[in-house]
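Residue numbers (numbering that gives the first Met the number 0), protein chains in the order written: chain R, 0 to 312; chain A, 0 to 312; chain E, 0 to 268; chain X, 0 to 268.
Keep in mind that the hints are not guaranteed to be accurate.
Residues on chain A that point at chain R, a partial pick, calculated with CB under 8 angstroms [as the list claims (entries may be wrong)]:
id: 1; residue: T181
id: 2; residue: T205
id: 3; residue: G206
id: 4; residue: R231
id: 5; residue: L262
id: 6; residue: E263
Which chain X residues stay away from chain E? Per the calculated CB distances, all over 12 angstroms, these [claimed, not checked]:
id: 7; residue: L10
id: 8; residue: P88
id: 9; residue: P133
id: 10; residue: Y134
id: 11; residue: E154
id: 12; residue: I164
id: 13; residue: E191
id: 14; residue: P202
id: 15; residue: R212
id: 16; residue: K239
No more than 27 angstroms apart at the CA atoms, straight line, and that leaves these computed lysine-lysine pairs for BS3-like [to be verified]:
id: 17; chain 1: A; residue 1: K246; chain 2: A; residue 2: K18
id: 18; chain 1: R; residue 1: K221; chain 2: A; residue 2: K246
id: 19; chain 1: E; residue 1: K2; chain 2: R; residue 2: K49
id: 20; chain 1: A; residue 1: K101; chain 2: X; residue 2: K2
id: 21; chain 1: A; residue 1: K25; chain 2: A; residue 2: K297
id: 22; chain 1: X; residue 1: K184; chain 2: X; residue 2: K217
id: 23; chain 1: R; residue 1: K165; chain 2: R; residue 2: K101
id: 24; chain 1: X; residue 1: K2; chain 2: A; residue 2: K49
id: 25; chain 1: A; residue 1: K106; chain 2: X; residue 2: K2
id: 26; chain 1: A; residue 1: K106; chain 2: X; residue 2: K3
id: 27; chain 1: R; residue 1: K25; chain 2: R; residue 2: K297
id: 28; chain 1: A; residue 1: K106; chain 2: X; residue 2: K1
id: 29; chain 1: R; residue 1: K101; chain 2: E; residue 2: K2
id: 30; chain 1: X; residue 1: K1; chain 2: A; residue 2: K49
id: 31; chain 1: A; residue 1: K101; chain 2: A; residue 2: K18
id: 32; chain 1: E; residue 1: K1; chain 2: R; residue 2: K49
id: 33; chain 1: R; residue 1: K246; chain 2: R; residue 2: K18
id: 34; chain 1: E; residue 1: K2; chain 2: R; residue 2: K25
id: 35; chain 1: R; residue 1: K165; chain 2: R; residue 2: K155
id: 36; chain 1: R; residue 1: K169; chain 2: R; residue 2: K49
id: 37; chain 1: X; residue 1: K1; chain 2: A; residue 2: K101
id: 38; chain 1: A; residue 1: K49; chain 2: X; residue 2: K3
id: 39; chain 1: A; residue 1: K25; chain 2: A; residue 2: K49
id: 40; chain 1: R; residue 1: K101; chain 2: E; residue 2: K1
Keep in mind the hints are simulated off the structure, nothing from the lab.
We put the CB at the ideal spot given by N, CA and C, even for glycine.
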Amino acid sequence: MFDGRPAVVKDTSMNTQVKIAGVTFKNPVTVASGTFGSGMEYGDFIDLSKLGAVTTKGVAPIPWVGNPTPRVTEVYGGMLNAIGLQNPGIDVFCERDIPFLKGFDTKIIVNVCGRTEDEYVEVVERLADEPVDMLEINVSCPNVKEGAIAFGQNAKALESITSRIKAVAKQPVIMKLSPNVTDITEMARAAESAGADGLSLINTITGMKIDINRRTFALANKTGGLSGPAIRPVAVRMVYQVAQTVKIPIIGMGGITCAEDALEFILAGATMVAVGAMNFVEPDTTLRVISGIEDYMKRTGTEDIGELIGAVR
Amino acid sequence: MFDGRPAVVKDTSMNTQVKIAGVTFKNPVTVASGTFGSGMEYGDFIDLSKLGAVTTKGVAPIPWVGNPTPRVTEVYGGMLNAIGLQNPGIDVFCERDIPFLKGFDTKIIVNVCGRTEDEYVEVVERLADEPVDMLEINVSCPNVKEGAIAFGQNAKALESITSRIKAVAKQPVIMKLSPNVTDITEMARAAESAGADGLSLINTITGMKIDINRRTFALANKTGGLSGPAIRPVAVRMVYQVAQTVKIPIIGMGGITCAEDALEFILAGATMVAVGAMNFVEPDTTLRVISGIEDYMKRTGTEDIGELIGAVR
Amino acid sequence: MKKKVQAKVILQRKISDNIYDLRISTELAREAHAGQFIGVYTNDRSKLLPRPISICEVDGDRLRLVYRVTGSNTGTEVLSQLTPGDSVPIIGILGNGYDVDDLVTNYRHPVLMGGGIGIPPMLQLAKELEERSPYPEPYLNTILGYRNSDLFLAEEFKDLSVVHIATEDGSVETKGNVLDVMDAKIGTGLGECDLILACGPMPMLRAIAKYSREKGIKAYVSLEERMACGVGACLGCVVKTRETDPHSHVNNARICTEGPVFDVDALDI
Amino acid sequence: MKKKVQAKVILQRKISDNIYDLRISTELAREAHAGQFIGVYTNDRSKLLPRPISICEVDGDRLRLVYRVTGSNTGTEVLSQLTPGDSVPIIGILGNGYDVDDLVTNYRHPVLMGGGIGIPPMLQLAKELEERSPYPEPYLNTILGYRNSDLFLAEEFKDLSVVHIATEDGSVETKGNVLDVMDAKIGTGLGECDLILACGPMPMLRAIAKYSREKGIKAYVSLEERMACGVGACLGCVVKTRETDPHSHVNNARICTEGPVFDVDALDI
Ligand SMILES: Cc1cc2nc3c(=O)[nH]c(=O)nc-3n(C[C@H](O)[C@H](O)[C@H](O)COP(=O)(O)OP(=O)(O)OC[C@H]3O[C@@H](n4cnc5c(N)ncnc54)[C@H](O)[C@@H]3O)c2cc1C
Ligand SMILES: Cc1cc2nc3c(=O)[nH]c(=O)nc-3n(C[C@H](O)[C@H](O)[C@H](O)COP(=O)(O)OP(=O)(O)OC[C@H]3O[C@@H](n4cnc5c(N)ncnc54)[C@H](O)[C@@H]3O)c2cc1C
Ligand SMILES: Cc1cc2nc3c(=O)[nH]c(=O)nc-3n(C[C@H](O)[C@H](O)[C@H](O)COP(=O)(O)O)c2cc1C
Ligand SMILES: Cc1cc2nc3c(=O)[nH]c(=O)nc-3n(C[C@H](O)[C@H](O)[C@H](O)COP(=O)(O)O)c2cc1C
Ligand code: FES
Ligand code: FES
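Given these sequences and hints, build the entire structure.
Here it is in structure tokens:
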């Protein structure tokens with residue numbers, strides 16, 4: 000009945016930097032797209048310069064109005080959302096959000112969405128000369144009728160869009176995968192073979208809530224994306240499976256609430272992790288994750304976070 | 000800011016009976032296979048005769064030893080299991096479990112597993128002359144290497160096994176589907192077209208937990224099936240999607256904790272519901288679900304539970 | 000500055016059927032104004048999101064929240080079990096409230112309208128308007144709409160304004176809704192109304208929007224929508240607007256951030 | 000009969016580093032015996048499964064549980080915050096304990112061995128053995144294994160038995176584990192040992208199994224495994240057995256139901 004915890008050891012000069020496709024992040028912690036705006040709204044709560052990166056809400060070529068409300072609802076240990084990728088369009092994004100983020104000492108990962116391959120390509124081209132560090136391509140949003148998840152649920156379509164984006168992208172390209180598939184490794188392989196520099200997973204799992212008193216769907220869109228701690232075991236499993244399958248780095252996410260959760264993803268093979276819905280619950284989750292990872296490294300005598308990545312096999 | 004709850008109305012003589020493939024259940028509530036043994040273990044806690052049916056743990060042609068331990072672990076709002084379908088084999092089951100269940104005024108749904116089509120067929124044939132009311136075919140267990148989920152993730156394989164089972168089965172055949180697929184409706188259609196009398200969904204979602212202190216998997220099997228309230232939105236969504244796709248009845252399950260949860264499934268299109276992991280948490284969950292459904296029917300002036308099935312579209 | 004903090008429960012009592020009156024002490028109180036709200040978290044870890052609850056009254060470092068328990072096994076039910084001394088996590092102060100100086104300066108006959116659980120935020124509004132009112136006598140009219148004779152907060156409004164009551168079942172004063180009171184009492188001070196300030200269910204607010212446009216009366220309404228973040232990040236809580244919203248660049252404003260108080264003329268409801 | 004009930008917290012105190020001593024009152028206590036356990040549920044709805052905790056002592060309608068908080072954000076941490084008067088849901092009484100009559104009748108020199116958090120269940124066992132012992136003097140020997148000088152419960156065993164202590168760091172008595180005490184003190188009463196009753200971490204139990212077989216000493220051990228249901232339904236908590244188990248019909252017995260106490264000879268560990 001001993002717990003097998005490693006004894007606490009001396010502090011060492013630790014490295015928490017991680018590198019993905021040539022980009023160095025001061026620590027492995029970012030936010031999940033769509034849960035943090037472009038960071039402005041959380042400025043009161045945390046110093047954005049402490050984050051490894053800020054990942055922005057998905058942006059399309061032109062403003063999108065998104066879905067009707069209700070767009071969000073709570074479920075056991077998580078939430079459903081069907082925002083429908085409302086965004087102000089790439090022009091406003093480049094004029095307003097990027098300059099705002101450049102005011103902080105953090106990397107910028109821009110999440111890109113579109114209805115067609117051309118739309119994705121348009122955004123990626125538009126970002127070519129912008130000071131952003133990395134692109135995350137959302138081919139996995141379950142809440143819009145066209146595009147998005149369709150690419151993320153079909154290996155051929157995913158390969159095709161990845162190749163086209165890679166052909167024009169000036170920044171490293173991370174493909175964000177959907178968990179709503181039979182075999183996540185098939186999708187990961189498709190993205191890798193088409194040249195993706197990394198993978199983000201998981202996006203939300205499609206779910207539904209019914210209001211039994213009103214006898215209607217809790218969300219106007221009927222279905223929504225499930226996120227929060229409820230999905231963590233599915234996310235960890237997929238990160239692990241993908242890490243055993245591809246060589247490109249992974250940004251892991253899905254229900255991270257604390258450093259222990261983040262470490263599960265890292266040990267399973269994620270090079271970075273993203274905090275999503277928990278930003279809504281504890282706006283300083285990211286900071287607690289960062290310091291908690293450092294504590295764990297101290298406690299376990301880990302000098303370089305690289306030693307932890309994929310250490311459980 | 001009014002909540003729209005229907006006013007409480009007078010008690011009526013209500014009907015809570017449901018019918019699936021000619022079998023009448025006194026109420027729409029059963030237990031999820033594998034969470035209730037064959038009922039013996041819960042006899043201290045509830046009167047089995049109060050249940051619409053008892054669904055038994057999966058049974059194979061010969062005894063299966065199952066997976067190494069740890070086989071279960073807790074996760075946020077649920078649990079992971081990788082029992083690996085340990086079971087005493089069909090002979091013991093027929094000699095011991097069926098006679099035990101015949102002692103109660105409830106229906107018997109026998110969950111069947113196997114490694115090959117032939118094994119499933121063997122169990123189904125063996126049950127032909129047994130006093131069981133219905134068969135539930137588990138083609139969706141994520142925790143065994145051969146068989147099971149392989150059938151549940153491939154429409155062709157599912158069609159084939161369903162046809163073979165239907166050809167020999169003397170009782171109605173319910174195919175239990177896996178949620179670990181890109182398109183649950185494709186699987187549902189495959190089972191329906193091959194003659195399935197009904198569908199059960201969902202089985203567990205494949206997940207993983209890592210013990211960051213021991214740096215190992217929480218389960219010996221590495222992955223396990225996620226169940227409990229955490230998966231409910233996914234289950235409700237799938238039941239709804241399948242109900243819009245096929246005509247055969249559905250037994251809905253996944254994270255049911257109370258009558259409200261069960262009613263979500265029923266309104267989404269389930270004819271029956273099953274309580275799974277929550278039996279471990281509140282052994283009388285089924286009874287609370289049954290009485291809570293009655294209360295809801297009274298409150299909403301529902302005379303026949305049939306009015307509720309699939310009422311939200 | 001918005002913060003997430005632990006507030007302390009000072010008092011909680013049930014004041015009507017399913018309606019609770021909760022007093023908490025928190026550093027955030029000093030920044031709270033009429034029309035704003037806070038997000039209240041439960042200590043039940045299966046219910047993670049904050050519940051948006053309006054500021055019903057501010058008193059030094061104390062906030063008063065009046066809220067309805069919406070059903071069994073809800074977050075508000077969990078909150079209703081808080082007792083003095085308990086900690087309750089809150090986030091705030093959220094949203095834009097009323098521009099009370101503008102209202103006091105530019106309107107002579109404001110009518111406050113609260114329907115159901117839309118009544119509580121009107122109390123702090125009445126207080127702030129009265130405090131800054133240049134008039135010797137209470138110059139406010141308040142119309143409160145209830146389902147039945149289970150009134151709550153009505154007495155407290157009487158110290159601040161002339162109170163009119165509508166009940167759906169007609170058990171107290173005017174039978175009907177808040178606008179039925181406007182019609183029925185047009186001969187009284189209500190007839191001079193040049194400003195409507197309202198909070199209540201969407202059908203009521205829609206009716207008020209129509210009414211105010213028809214009569215050419217200025218109206219500010221406080222909206223409600225499902226929220227996740229409460230701080231403007233998730234885009235969950237939008238309302239359709241007539242013009243392109245300067246933040247979103249589409250015809251959607253965030254209720255939690257641009258609202259919850261809106262000029263009805265800006266809204267497409 | 001097994002039941003799920005609300006027990007009432009009578010007392011809780013920390014008795015060592017991360018070790019808590021919890022007294023609860025429950026109708027189930029009267030059915031509890033040495034070697035059995037209960038499932039303790041937390042009131043945190045994100046942690047749904049019961050925590051199996053051994054009966055450390057039974058006293059009328061009271062149960063004493065001594066447990067370790069295994070880390071932060073664990074269920075046991077939640078339990079450690081219970082204070083007198085709180086309700087705590089439990090399920091029990093679970094498992095098969097020791098056949099004390101058989102042990103008292105057939106063995107003259109039992110040695111109890113508890114390692115770490117395997118110590119608590121030994122206390123009730125010592126109590127029951129002593130109570131039914133036909134001998135005028137305490138006839139039990141107890142070996143308690145700790146990591147370091149942070150002892151717990153040791154004093155209480157002294158009233159019931161001759162106590163020997165092993166510490167991993169050698170800070171108290173014998174350095175090493177419980178079997179090192181057997182070797183070191185073979186010249187004392189321990190040399191006559193004809194029965195080992197043990198609970199502790201698996202490596203300790205494996206070593207005891209080997210030792211007892213070699214020496215031809217009867218041994219009963221109390222096993223631990225991850226559990227979901229605790230009542231025999233889920234098949235989560237099995238241990239490999241040498242013979243086909245009469246319930247499972249495979250070489251697996253359910254620790255929660257056939258155990259947690261097993262004759263080591265029945266086990267394949
Ligand atoms: C700006 C604003 C101010 C509000 N002020 C008050 C107030 O002062 N007093 C009061 O009683 N109510 C107020 N409400 C409504 C209150 O937020 C909901 O009644 C409450 O969130 C319901 O939560 P629950 O725990 O009872 O329900 P649950 O069913 O447990 O809630 C599940 C989820 O749905 C959300 N939700 C459910 N109903 C509503 C609703 N009507 N509006 C918004 N979110 C909802 C919850 O916040 C939660 O995220 C306000 C709402 C908003 C948007
Ligand atoms: C029959 C039996 C009797 C026990 N008696 C005692 C006792 O008297 N005192 C004591 O301190 N401990 C005892 N244990 C161990 C105790 O059950 C675990 O330490 C406890 O469940 C850990 O829960 P947690 O909330 O701290 O951890 P968490 O990490 O929150 O637990 C997560 C899940 O894993 C399970 N789990 C974690 N560790 C263990 C473990 N070592 N054994 C079984 N399940 C585990 C939990 O029950 C829970 O389901 C006993 C175990 C068994 C099987
Ligand atoms: C409100 C909300 C909006 C989201 N918007 C986006 C988006 O625009 N682009 C995207 O790739 N993912 C989006 N996601 C998915 C998250 O980035 C993340 O993949 C998912 O929520 C799982 O992480 P979590 O469980 O930590 O929230 C959104 C999630 C939420 C909750
Ligand atoms: C411990 C355990 C064992 C299970 N064994 C089986 C099984 O033998 N056959 C089967 O079809 N499903 C099995 N399941 C899946 C459940 O029947 C059910 O589909 C799933 O758990 C979802 O429901 P829940 O969330 O209410 O638990 C098992 C689930 C658990 C938790
Ligand atoms: S609740 Fe998130 S933007 Fe308003
Ligand atoms: S814990 Fe379920 S069988 Fe033992």
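Subject >> X:L10 and chain E, when compared Cβ to Cβ, separated by more than 12 angstroms >> reply: holds, 21 angstroms
Original post:
Is the hinted pair A:K25 and A:K49 satisfied, with a Cα-Cα distance of at most 27 angstroms?
Top reply: holds, 8 angstroms
**OP:** For the hint on A:T205, just tell me whether its beta-carbon gets within less than 8 angstroms of chain R.
**Re:** holds, 6 angstroms
Original post:
Between R:K25 and R:K297, is the straight-line Cα distance small enough, at 27 angstroms or below?
Top reply: holds, 17 angstroms
Subject >> Hint status (Cβ of A:L262 to nearest Cβ of chain R, threshold 8 angstroms) >> reply: Since chain R brings a Cβ to about 4 angstroms from A:L262, closer than 8 angstroms, the hint holds.
Original post:
CA of R:K101 to CA of E:K2, is that 27 angstroms or under?
Top reply: holds, 24 angstroms
**OP:** Over 12 angstroms to the closest beta carbon of chain E is the bar; see if X:I164 clears it.
**Re:** holds, 40 angstroms
**OP:** Would you check whether A:G206 satisfies its interface hint, that is, whether its CB is within less than 8 angstroms of any CB in chain R?
**Re:** holds, 3 angstroms
Original post:
Does R:K49 lie within 27 angstroms of E:K2 when you go C-alpha to C-alpha?
Top reply: Since the Cα atoms of E:K2 and R:K49 sit roughly 18 angstroms apart, the hinted pair holds (cutoff 27 angstroms).
Original post:
X:P133: least C-beta distance to chain E exceeds 12 angstroms?
Top reply: Label holds. Min Cβ-Cβ 53 angstroms, cutoff 12 angstroms.
Original post:
Beyond 12 angstroms from chain E, beta-carbon-wise, is X:Y134?
Top reply: holds, 52 angstroms
Subject >> Given as non-interface: X:E154, which should sit over 12 angstroms from chain E by C-beta >> reply: Since the minimum Cβ distance to chain E is about 36 angstroms, X:E154 lies beyond 12 angstroms and the statement holds.
Checked against the numbered hints above, the structure violates none of them.
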